[in-house]
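One line per chain: the protein sequences are E and R, in this order.
Sequence positions in the first sequence follow this note's numbering and run 186 to 494.
Sequence positions in the second sequence follow this note's numbering and run 57 to 163.
By construction, these hints were calculated from the structure, which means they are not laboratory data.
Watch out, some of these pointers could steer you wrong.
Below, a list of computed lysine-lysine pairs in the DSSO-like style, where the Cα atoms sit at most 27 angstroms apart [unchecked claim]:
1. 263/E <-> 280/E
2. 155/R <-> 400/E
3. 109/R <-> 315/E
4. 155/R <-> 302/E
5. 109/R <-> 126/R
6. 78/R <-> 114/R
7. 155/R <-> 263/E
8. 355/E <-> 162/R
9. 315/E <-> 114/R
10. 146/R <-> 302/E
11. 114/R <-> 252/E
12. 354/E <-> 263/E
13. 303/E <-> 412/E
14. 146/R <-> 400/E
15. 162/R <-> 315/E
16. 109/R <-> 354/E
17. 109/R <-> 162/R
18. 280/E <-> 146/R
19. 303/E <-> 155/R
20. 315/E <-> 146/R
21. 315/E <-> 126/R
22. 351/E <-> 126/R
23. 146/R <-> 303/E
Covered stretches of chain R, going by a simulated chain E footprint (3 or more residues, C-beta under 8 angstroms) [to be verified]:
24. 79-91
25. 135-143
26. 152-159
Small disclaimer: the values here were computed from a predicted structure and weren't measured.
Cβ coordinates follow ideal geometry from the N, Cα and C atoms, glycine included.
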Amino acid sequence: MKNVDYDLVIIGGGPAGLTAGLYAARARLNVILLEKAVLGGQVVATDWVENYPGFPEGISGPDLVQKMTAQVQKFDLKIETNAVISMDLSEPIKKITLSNRVITTHAIIIASGASPKKLGVPGEDIFYGKGVSACATCDGPFFRNRVVAAVGGGDTAVQESLFLTKFAKKVYLIHRRDQLRAEAILQERALANEKIEFLWDSVLTGIQGLTDVEKISVQNLKTGDTKEIAVDGCFIWVGILPNLEFLPEVVEQDQYGFILVDANMQTSVAGVYAAGDVRSTPLRQIATAVGDAAIAVFSAEHYLENVKE
Amino acid sequence: MAEGVLEIEDSSFEAEVLQSEKPVLVDFWAPWCGPCRAIAPVVEELAATFGDKIKFAKCNVDDNPITPGKFGIKSIPTLILFNGGEIVDKVIGIVAKSKLEEMLNKA
Numbered sequence: 186m187k188n189v190d191y192d193l194v195i196i197g198g199g200p201a202g203l204t205a206g207l208y209a210a211r212a213r214l215n216v217i218l219l220e221k222a223v224l225g226g227q228v229v230a231t232d233w234v235e236n237y238p239g240f241p242e243g244i245s246g247p248d249l250v251q252k253m254t255a256q257v258q259k260f261d262l263k264i265e266t267n268a269v270i271s272m273d274l275s276e277p278i279k280k281i282t283l284s285n286r287v288i289t290t291h292a293i294i295i296a297s298g299a300s301p302k303k304l305g306v307p308g309e310d311i312f313y314g315k316g317v318s319a320c321a322t323c324d325g326p327f328f329r330n331r332v333v334a335a336v337g338g339g340d341t342a343v344q345e346s347l348f349l350t351k352f353a354k355k356v357y358l359i360h361r362r363d364q365l366r367a368e369a370i371l372q373e374r375a376l377a378n379e380k381i382e383f384l385w386d387s388v389l390t391g392i393q394g395l396t397d398v399e400k401i402s403v404q405n406l407k408t409g410d411t412k413e414i415a416v417d418g419c420f421i422w423v424g425i426l427p428n429l430e431f432l433p434e435v436v437e438q439d440q441y442g443f444i445l446v447d448a449n450m451q452t453s454v455a456g457v458y459a460a461g462d463v464r465s466t467p468l469r470q471i472a473t474a475v476g477d478a479a480i481a482v483f484s485a486e487h488y489l490e491n492v493k494e
Numbered sequence: 057m058a059e060g061v062l063e064i065e066d067s068s069f070e071a072e073v074l075q076s077e078k079p080v081l082v083d084f085w086a087p088w089c090g091p092c093r094a095i096a097p098v099v100e101e102l103a104a105t106f107g108d109k110i111k112f113a114k115c116n117v118d119d120n121p122i123t124p125g126k127f128g129i130k131s132i133p134t135l136i137l138f139n140g141g142e143i144v145d146k147v148i149g150i151v152a153k154s155k156l157e158e159m160l161n162k163a
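When you get a sec, could you build the whole thing from the sequences and use the hints?
Here it is, written out as structure tokens:
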């Protein structure tokens with residue numbers, strides 16, 4: 186048999202990647218987990234997690250990441266901070282180009298997650314870090330007793346808007362529909378929160394200011410009217426895009442760029458799996474990401490048994 | 057010799073950063089910021105690698121509001137690379153370690 190660096194390479198160190206690492210390390214596979222930035226993925230920017238079982242009081246995102254990391258370390262998972270530049274999947278032995286070398290592997294689990302999507306409105310880029318943000322836990326306290334806007338209507342937008350009310354004196358929640366998509370319990374809390382003013386059927390059309398955010402333009406989709414609102418900050422939570430700058434075309438993606446998998450988490454390429462937010466899925470939660478990852482490792486083990494015979 | 061990551065305050069910023077002979081990377085952070093906690097070990101790793109030619113410092117924005125105010129920081133983690141008292145480069149939020157290495161290689 187040819188000399189291959191790894192049985193399995195896991196790309197990404199969020200909940201999906203760490204769970205894949207846990208299962209693979211316990212299966213005694215020759216495995217490495219690659220994380221380009223920091224372990225935990227989007228969870229490190231999540232202030233509070235209440236819907237992941239086992240934590241009846243809830244747990245902060247960073248604390249949950251710490252526990253998941255401690256758990257994989259217990260089983261000696263090899264973790265490296267390194268970025269995947271590209272992959273060559275044309276042969277059964279796959280080549281992955283990293284920032285400093287090329288490695289070979291039989292199987293790959295792509296768990297590279299997703300990043301907050303931009304709206305693409307004027308002012309969004311130039312005021313990033315000057316009032317425009319996608320991370321309430323990073324930047325919320327800078328807006329103590331200030332007025333902020335939040336855009337979106339899903340779980341993240343509503344959960345993080347609630348977090349912002351701990352600091353801001355007012356939060357305008359701008360949503361393009363006339364009702365929220367978030368979990369019912371989050372909706373109840375937001376609707377009952379006096380600091381949150383809902384701007385229904387509305388879209389953000391621009392962000393203005395001199396050096397920092399000073400006001401936003403909001404258009405009502407029903408009436409067509411646009412108004413300006415004075416705000417100090419603007420948080421944007423309008424969905425996510427998959428982190429797949431390294432992905433070759435041979436791996437099939439859905440119309441939004443997320444990786445298509447079968448029930449075994451296998452992609453269109455044998456031996457290549459996807460798990461968590463990066464895959465095409467109707468629901469993106471920590472609970473679904475860890476489930477995906479366990480299945481992906483199970484499938485990879487079967488694949489490895491066959492190819493290594 | 058690498059010195060790890062030096063804690064700096066509003067009162068020591070001028071002397072330790074602006075007057076520094078070596079370039080200085082300052083990590084603006086706060087204890088309540090999860091991503092800041094997550095990036096701290098990466099900054100420490102970089103300090104171990106680049107410590108000979110670059111000074112590494114961190115500034116708690118809760119305890120030291122003047123310095124982040126002066127640089128208009130409203131988002132953390134923010135990493136600013138100073139050289140000769142001037143801003144050379146700035147990174148907001150969590151980015152790949154390789155991007156930070158690129159930035160430090162330019163210093």
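Here's how the hints hold up against the structure:
1. Of the supplied pair hints, the one linking residue 263/E and residue 280/E holds, its CA atoms being roughly 18 angstroms apart against a limit of 27 angstroms.
2. For the suggested pair residue 155/R and residue 400/E, the alpha carbons sit about 32 angstroms apart, so the restraint of at most 27 angstroms is broken.
3. Only pairs whose Cα atoms come within 27 angstroms are accepted, and residue 109/R paired with residue 315/E is rejected, the gap being roughly 30 angstroms.
4. The suggested pairing of residue 155/R with residue 302/E holds, with an alpha-carbon distance near 20 angstroms, which does not exceed 27 angstroms.
5. This hinted pair checks out: residue 109/R and residue 126/R have alpha carbons roughly 26 angstroms apart, not beyond 27 angstroms.
6. As the CA atoms of residue 78/R and residue 114/R are separated by approximately 16 angstroms, the hinted pair is consistent with the 27 angstroms bound.
7. Note on residue 155/R and residue 263/E: the hinted pairing holds, with a Cα-Cα distance of about 22 angstroms set against a maximum of 27 angstroms.
8. Taking the CA atoms of residue 355/E and residue 162/R, the gap is about 42 angstroms. The hint is violated against a cut of 27 angstroms.
9. Taking the CA atoms of residue 315/E and residue 114/R, the gap is near 20 angstroms; set against the 27 angstroms cutoff, the hint holds.
10. Of the pairs offered as hints, the one joining residue 146/R and residue 302/E holds, with about 22 angstroms between alpha carbons and a cut-off of 27 angstroms not exceeded.
11. Our distance criterion of 27 angstroms between C-alpha atoms is met by residue 114/R and residue 252/E, whose separation comes to about 25 angstroms.
12. A hinted pair counts as satisfied when its Cα atoms are at most 27 angstroms apart, and residue 354/E with residue 263/E does not qualify at roughly 46 angstroms.
13. Distance restraint check for residue 303/E and residue 412/E: the Cα-Cα separation of roughly 21 angstroms lies within the 27 angstroms cut-off, and the hinted pair is therefore satisfied.
14. Taking the CA atoms of residue 146/R and residue 400/E, the gap is about 25 angstroms. The hint holds against a cut of 27 angstroms.
15. Simply put, residue 162/R and residue 315/E have alpha-carbon atoms about 25 angstroms apart, close enough for the 27 angstroms limit, and the pair holds.
16. The suggested pairing of residue 109/R with residue 354/E is violated, with an alpha-carbon distance near 45 angstroms, which exceeds 27 angstroms.
17. With a C-alpha separation of about 11 angstroms, the suggested pairing of residue 109/R with residue 162/R holds against the 27 angstroms cut-off.
18. Annotation: proposed proximity of residue 280/E to residue 146/R is violated, straight-line Cα distance about 34 angstroms (limit 27 angstroms).
19. The hinted pair formed by residue 303/E and residue 155/R meets the criterion: a straight-line CA distance of about 21 angstroms does not exceed 27 angstroms.
20. Between the alpha carbons of residue 315/E and residue 146/R the distance comes to roughly 13 angstroms, so the proposed pair stays at or under 27 angstroms and holds.
21. Restraint check: the Cα-Cα separation between residue 315/E and residue 126/R comes to about 13 angstroms, which is no more than 27 angstroms; the hinted pair holds.
22. This hinted pair checks out: residue 351/E and residue 126/R have alpha carbons roughly 25 angstroms apart, not beyond 27 angstroms.
23. As the CA atoms of residue 146/R and residue 303/E are separated by approximately 20 angstroms, the hinted pair is consistent with the 27 angstroms bound.
24. A stretch counts as covered by a chain when three or more of its residues have a beta carbon under 8 angstroms from one of that chain; for the stretch 79-91 of chain R and chain E the count is 5, and the coverage holds.
25. For the stretch 135-143 of chain R, the assignment as covered by chain E is violated, since 0 residues bring a beta-carbon within under 8 angstroms of that chain's beta-carbons and 3 are needed.
26. With 3 residues bearing a CB less than 8 angstroms from a CB of chain E, the stretch 152-159 of chain R meets the requirement of three and the coverage assertion stands.
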